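Student: Here is how the chains run, residue by residue.
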Amino acid sequence: MDAMLLTSQLVNGLVLGFLFVLIAVGLSIIFGMLGLVNFAHGAFFALGAYFAWTLRPYVGDVGVLFLAPVCVFAVGVVAERLLLRPLYDKEPLLSLLLTFGLALFIEEAIRTIWGSIGHPYDAPDFLSGFVHYGPVFVTQYRLAVLGITVLLLIGIWLLLEKTRFGRIIRAGSRDGEMVNMLGVNLKRVFTLVFGLGTALAGIAGVLAAPLWSVVPSISEQAIMPAFVVVTIGGLGSLRGAIVSGLLVGISVALAIQFWPAASSAVMYLLMVAILLVRPRGLFGETWERFE
Amino acid sequence: MTNTIHKPKRRGARSRRALLAMTVCGSLLGALTAHAANPIRIGLLLPKSGTYAVQGAQGHQGAMIALQDFGGKINGRPIKIVWYDENGPQTTQQNMHKLIEQDHVVGVTGGISSGDILAVMPIAERSKTPLIATGPNATEITGAKCNHYTFRVDLPNYTTTRTIYPSLAKNGKNWYFISASYAWGIDGYKQMKGLLDAHGGKVVGADETPLGTSDFSSYILKVVSKNPDALFLGIGGSDLTNFLKQFHQMGLTGKIPVSSLVANDTDLWAAGKDAATGVYPKIWNYTGDQNTEKSKQFAKAFEDKYGKPPESEAWQDYFGMSALLTAIKQTGSTDPGKLISFLESHKFEGYKQRPIYFRKWDHQLIQPTLVAEVRKTIPDQYNYFEIDSVQPAAGKPLESIYPNKSESNCHMDSN
Numbered sequence: 000m001d002a003m004l005l006t007s008q009l010v011n012g013l014v015l016g017f018l019f020v021l022i023a024v025g026l027s028i029i030f031g032m033l034g035l036v037n038f039a040h041g042a043f044f045a046l047g048a049y050f051a052w053t054l055r056p057y058v059g060d061v062g063v064l065f066l067a068p069v070c071v072f073a074v075g076v077v078a079e080r081l082l083l084r085p086l087y088d089k090e091p092l093l094s095l096l097l098t099f100g101l102a103l104f105i106e107e108a109i110r111t112i113w114g115s116i117g118h119p120y121d122a123p124d125f126l127s128g129f130v131h132y133g134p135v136f137v138t139q140y141r142l143a144v145l146g147i148t149v150l151l152l153i154g155i156w157l158l159l160e161k162t163r164f165g166r167i168i169r170a171g172s173r174d175g176e177m178v179n180m181l182g183v184n185l186k187r188v189f190t191l192v193f194g195l196g197t198a199l200a201g202i203a204g205v206l207a208a209p210l211w212s213v214v215p216s217i218s219e220q221a222i223m224p225a226f227v228v229v230t231i232g233g234l235g236s237l238r239g240a241i242v243s244g245l246l247v248g249i250s251v252a253l254a255i256q257f258w259p260a261a262s263s264a265v266m267y268l269l270m271v272a273i274l275l276v277r278p279r280g281l282f283g284e285t286w287e288r289f290e
Numbered sequence: 000m001t002n003t004i005h006k007p008k009r010r011g012a013r014s015r016r017a018l019l020a021m022t023v024c025g026s027l028l029g030a031l032t033a034h035a036a037n038p039i040r041i042g043l044l045l046p047k048s049g050t051y052a053v054q055g056a057q058g059h060q061g062a063m064i065a066l067q068d069f070g071g072k073i074n075g076r077p078i079k080i081v082w083y084d085e086n087g088p089q090t091t092q093q094n095m096h097k098l099i100e101q102d103h104v105v106g107v108t109g110g111i112s113s114g115d116i117l118a119v120m121p122i123a124e125r126s127k128t129p130l131i132a133t134g135p136n137a138t139e140i141t142g143a144k145c146n147h148y149t150f151r152v153d154l155p156n157y158t159t160t161r162t163i164y165p166s167l168a169k170n171g172k173n174w175y176f177i178s179a180s181y182a183w184g185i186d187g188y189k190q191m192k193g194l195l196d197a198h199g200g201k202v203v204g205a206d207e208t209p210l211g212t213s214d215f216s217s218y219i220l221k222v223v224s225k226n227p228d229a230l231f232l233g234i235g236g237s238d239l240t241n242f243l244k245q246f247h248q249m250g251l252t253g254k255i256p257v258s259s260l261v262a263n264d265t266d267l268w269a270a271g272k273d274a275a276t277g278v279y280p281k282i283w284n285y286t287g288d289q290n291t292e293k294s295k296q297f298a299k300a301f302e303d304k305y306g307k308p309p310e311s312e313a314w315q316d317y318f319g320m321s322a323l324l325t326a327i328k329q330t331g332s333t334d335p336g337k338l339i340s341f342l343e344s345h346k347f348e349g350y351k352q353r354p355i356y357f358r359k360w361d362h363q364l365i366q367p368t369l370v371a372e373v374r375k376t377i378p379d380q381y382n383y384f385e386i387d388s389v390q391p392a393a394g395k396p397l398e399s400i401y402p403n404k405s406e407s408n409c410h411m412d413s414n
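Protein chains in written order, with numbering that gives the first Met the number 0: chain A, 0 to 290; chain D, 0 to 414.
Don't read these hints as lab results, they were simulated from the structure. Being a predicted model, the structure only gives us computed values, none of them experimental. Mixed in with the good hints there might be a few duds.
Okay, the calculated bits of chain D under chain A, using three or more residues with CB under 8 Å as the criterion [to be verified]:
hint, region
1, 208-218
2, 237-244
3, 272-281
Every residue, glycine too, gets a C-beta built ideally from N, C-alpha and C.
Only chain A is shown next, with the shape it has when bound in the complex (with noise of 0.2 Å):
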C-alpha cells in the first residue's frame, strides 16, 4: 500500500517537475543568450494566464495556446527595445534593477486592468478527465502540460543546435563583437531571444492558469521556483533547468508525502545543498563575460 503510495508520489512529481521546468525555460535562455536576469519573468507569465483568461471566450483552449503568448512576446519586445537594450553595454546592475522595477509596473497593471479580484478559469472540457493506471494517479490535464513542454523542449533544442538562427545567438552570446563584424544584426537576434524567452513564459501561464487561481500575485508564485530551478541547474544551461526541474518537483512530492510542513522549504534546501558542491549548479559553464 504505502509503495503504491510512494509510486504514485514519484510519478505526480515528475509531471509537477514538467511544469517547473516550463515556468523555468524561458528565463534559462534569456540569461543564456543575453546574460541578463529577468526579474520581470513571473509577470510575463502572469500576463500569459491574463491574455488567455481575455482570449479564450474568442479564440477557445487551443487558439489561446498560440495567441496569448504571441501578444506576451509582442509586450516582451516592446520591453525589450524601449527599456532594455539602451543598457546592454551599461553596468549588469542596472538591467537587473529594470527588469524588478518592470515586474512591479506589470503586476500593478494587470491589478489596474483586470481587477484584484481572481477570475475562475477551469481546464478545457476533453480534458477534464483523469487516467488511473495501477498506483498512478493523473489528471488528463497534467499529462497536456507534460506534452506541450517536451514538444516545446524539443523545438528549443533544435532551433539552438540545428539552425542558423541557433548558431547565431550562441555565437552571439559568447563574442557578440565577433558576430557583428561578421555581418550579423546582434541586436536584432537580441530582441527576438527576449521576446522567445518572455513567450515561454507566457506559454507557461496559459498552462498554469487551470492549476493556479488567476489573481496578480500568480506572478510571485511562479518567479521563486523559476529562480530555483535556473539555479540549481546551471545559470543558462537548458540541460540544467530539465534535469533540476524535474528533482525539484520529485523532492516537493517527496517532502509533502513525508513532511509537508517542510514542502515548501525543501526546493530551497535543495539549492544550498548543490550549490556547495557545484557553486555553478549542475551544468552551470564558465562565462568569459561574469570572469
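With chain A's structure known, arrange chain D on it following the hints.
Tutor: Coordinates of chain D only, in the frame set by chain A:
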C-alpha cells in the same frame, strides 16, 4: 572684513524673524480654518497588495459605505478615512505609527492578517487609540493577548469550528485535515480535532501546508489514499482557490465532503462554479432570509456603488467602521475612554437578527454565525452560497458558541 561676516548674520536673523512671524500667522490661520471644518480622521489598515489584496479592496469599500450611511460627517465635522497598507507585521506597525503620530486619527479599524493585528495591538494600547480589528481570526486577539483598546469583529476559531462541526460530522467519523502551517491554521486544527475527539471521531490524516502553496496534488493523493468521510481545511485566500481547482480536476468534487475554517466569497468566485464545493462557517452573506433590513440596504448600496455584491470581508469592515462612527456620534466625543466604554456597553441593533455586542471582558463581538453551503446550481457569477442555518439555534444564548471566561486566557482586568 568683520562687516562682511556680520552682514549675513543679520540677514539670517531678520529672515528668521520673518519666518517666525509667518509661521505664527500661518498656524493661527490654520487653526481658525481648521476649527470650521476640522475633520475627524479615522485610520484604516487593510492590504493594498499581496495575497490578501482582494479582501483589502472589499474591506475598504465596505468601510466607505459605512461612511456614506453617516453622510460623511458627524455633528457637522467631516469624517476622513486614511487608508494605509497592511502587508506584513513590520510595514503595518510603521503605518500604525504614522496614523497615530502624523494623521492624529481618533481610532483605527481594519486588519485581515492575525499576525499584523497582533503586531499593532500593543501600539494601540500604548497610544490609547481604539482599534477595531475587523478581519483576523486568531484566538489570542481576544484571548491571551487581549487588551483594553482592541475590539475584534471577526470570529475566533473556537466559534467557526463549533458552527460547522455538526454539519460536517453528518458525513462520518473519519476525518482528514489540511491546515496552513501558521498560528491560525494550527489553532484551527487543534480546535476541530478537540471537537472530533470529544465526539468519538478519528483523525485519519493531518497535513500542514505552507502559506502560498500553489500545488496541492501531492496532498490530494494522500487524502485519496486514506479515503476519509470528510476533509477539513484550514487554508484560505488563493490557497483555497488552488486547492478547490485541483481537487475538482482529480474528480473528487462532491465525492469527499469539504469544509474550511473560513471561506471568502472571492476565493470561491475565483475557483469557478464547477470547482466550488463545501459547507463553511460564515460571518455574513449577502443573500438569505437571515438578512435584516439593514443588511439588505448595505448589500444594495454596495452593489449600486461598486457593481458587484459585497463579500463577508466587506461587511466586517462596514460593521467595524459603523461601530466606531456610532460611538463618536452617540458620545459626541473622540475621547478614547468614552469611546471604549460606549463600545463595551452598546447593543448594536438591526445588523443581525439578534442585537450584537462587544463583550466587556474580552472585547469579542458576540454575534450569530451562518452555516453556508455552496449551491448545487449557482445562478450567477456571485451567488454561490445557500444558508443552511443560523448558529446558535434560536433560544440558545449567543455566547454558547464563544469561549467562556474559564476557557479564555484573556485577563484584561489586570491591565
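Student: Decide, hint by hint, whether the structure agrees.
Tutor: Going through the hints against the structure:
1. Taking a C-beta to C-beta cut-off of 8 Å, the region 208-218 of chain D contributes 9 residues in contact with chain A, enough for the three needed, and the coverage statement holds.
2. Chain A is given as covering the region 237-244 of chain D, and this holds because 4 residues of the stretch bring a CB closer than 8 Å to a CB of that chain, at least three being needed.
3. Restraint check on the region 272-281 of chain D versus chain A: 3 residues with Cβ-Cβ distances below 8 Å, three needed, restraint holds.
The structure shown violates none of the earlier numbered hints.
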